[in-house]
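Participant: Please take these sequences and the hints and turn them into a complete structure.
There are 2 protein chains.
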Amino acid sequence: MEHEIRAFAPATVANFGPGFDVLGVALREPGDRVLIRRREGSGIELVSITGDGGRLPRDAASNTAGIAAAAVLKRAGVETRLEIEVEKGLPLGSGLGSSAASAAASAWAVNRLLGDPLGEVPLVEACLDAESAVSGRHADNVAAAILGGVVLVRSVDPLHVVRLPVPAGLALAVVTPEFELETRRARTVLPKEIALGSAVLNQANLAGLVAALHSGDLDLMSRCFEDRLATPFRAPLIPGAVAVMRAARHAGALGSGISGSGPTIFALCEGERAAARAAESMMDAFREAGHASSAAVSPISPVGAREEPES
Amino acid sequence: MEHEIRAFAPATVANFGPGFDVLGVALREPGDRVLIRRREGSGIELVSITGDGGRLPRDAASNTAGIAAAAVLKRAGVETRLEIEVEKGLPLGSGLGSSAASAAASAWAVNRLLGDPLGEVPLVEACLDAESAVSGRHADNVAAAILGGVVLVRSVDPLHVVRLPVPAGLALAVVTPEFELETRRARTVLPKEIALGSAVLNQANLAGLVAALHSGDLDLMSRCFEDRLATPFRAPLIPGAVAVMRAARHAGALGSGISGSGPTIFALCEGERAAARAAESMMDAFREAGHASSAAVSPISPVGAREEPES
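Residue numbers (the numbering used here), protein chains in the order written: chain X, 1 to 311; chain L, 312 to 622.
Check the hints yourself; a few may be wrong.
What the hints assert, rightly or not - Below, a list of computed lysine to aspartate or glutamate pairs in the DMTMM-like style, where the Cα atoms sit at most 20 Å apart:
(1) Lys74/X to Asp129/X
(2) Lys503/L to Glu193/X
(3) Lys192/X to Glu493/L
(4) Lys74/X to Glu120/X
(5) Lys74/X to Asp116/X
Source of the hints: derived by calculation from the structure; they are not laboratory data.
Facilitator: And the structure:
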């Protein structure tokens, strides 16, 4: 049995296209890294966190890496001592699944240290415990961070996740403006009820998008990407959002939307070159709206949380 | 060029599973038949209608067969005289797409008489003109009646229909109680707005159902079949509906729901034998609720409207 392991879990785009609360997608990079040591005894210690500017709680019971680790131990019925080092590669409050990535890397690492007692679904459930504690009970980030690829969260309670196929060569551009948006605020702007007609149009798009993922029909994918459940209400919270999404489309993206609860805007593209072009246009649009931004380009990764060789 | 043709279009189940207003499915039988003659001159005459108990309008401009025929002529830019005989095989107001079947058989036949000037999408649009005139602007019945199989109406205006794959061997039981339900009444009970959470759960099911149609995962199909948009509101209009749907499930159906706007209840089953068993249980349940009913069992048909050899 290993006594120390390094693991990585990637950034994820939740609320992918018309899949509000149900579709999540994994990037290859960036992501969060953990180093976890198992020792005799009990208790979870968060030894260090780097890359967060000192903003995350150092208490293991309040940090998603610590909560997820505890949830894995509990589900596996194991008592042991864990020392966790977290290296944040994802900005906080950006809509790229930062809390989910820390949880997924930590849960995956602890499970491996224990000899993989938990299957994938219980592992996602452990991460969901952590996610629920900090940003709401939705599983599209954590499921994608553990499983990789494109995942459909068919049900949260009980958890039922369906992996969807991903046509080869798809890439994402994610562009994060230099301001934060609190997840809770992004939640409060959502209406409690929506027009039945909007629900129908939205589910028609989602159905088309799922069909396109299966068939590889990129034209269909492009036609089905509009979201009516969350985007119209959240876009006004993000200065320039509409212009940025339009810029992505004009630059050739198959689709664009708010990543998670924002403020990151993502674009789905045919290949990394196209994604890089879209990212440039999107940064320009944010700049015109008065905000500097940073961008990343990544293929959709078929793999989620994974062991990280020592660098 | 032919001057006379017989055509058939099948019954269809609209609002298939969680696909309110967007998913339609074609049966092989029963359906409506038309005989159409082309002559010199102009004007459309509805020569005869049988099987409707004298209840349908005899005026070609008020009957879906006549309206659809006129719409095909108009789209094709052809002026000619048409004489139409309609043989109704479908009960009216039953939720089996009776108006759509007459429109589809007629539109298909006229298009063939003209040498097939219209492709499939304009042909569905011609039928949609007829459907809009009598039962509302939804395309899930007419698209399935023309195209066969399982169709996703991604958008009505402009019309965008996506064919979905159908795993081999699936069959439908359709059980029609002996009372009618006016489509308009079934529409008025629908709420104008629904809870955002219901929309999310519903679209998650629809996404799972589409994935299951692609992958052939019948267990997934079965888990994704519940509708939250229309069924909870319409079931109370149909005495016994909940018990009938439950009976279908208990008899082994993969799923069950209200066909179109009802009162027919359908069940999706693995094969015709299973569908026949489900139909028996469903008829029993209707009887217990005080209503006689009639049932039909059919495979999902990959073909919609088609030429009918003279019998």
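Participant: Against each hint, give a clear statement of whether it holds in the structure.
Facilitator: Okay, the hints, checked on the actual structure:
1. A threshold of 20 Å between alpha carbons decides the hint, and for Lys74/X with Asp129/X the separation of about 11 Å falls inside it, so the pair holds.
2. For the suggested pair Lys503/L and Glu193/X, the alpha carbons sit about 10 Å apart, so the restraint of at most 20 Å is met.
3. Restraint check for Lys192/X and Glu493/L: not satisfied, since their Cα atoms lie roughly 31 Å apart, outside the 20 Å limit.
4. With a C-alpha separation of about 15 Å, the suggested pairing of Lys74/X with Glu120/X holds against the 20 Å cut-off.
5. Between the alpha carbons of Lys74/X and Asp116/X the distance comes to roughly 14 Å, so the proposed pair stays at or under 20 Å and holds.
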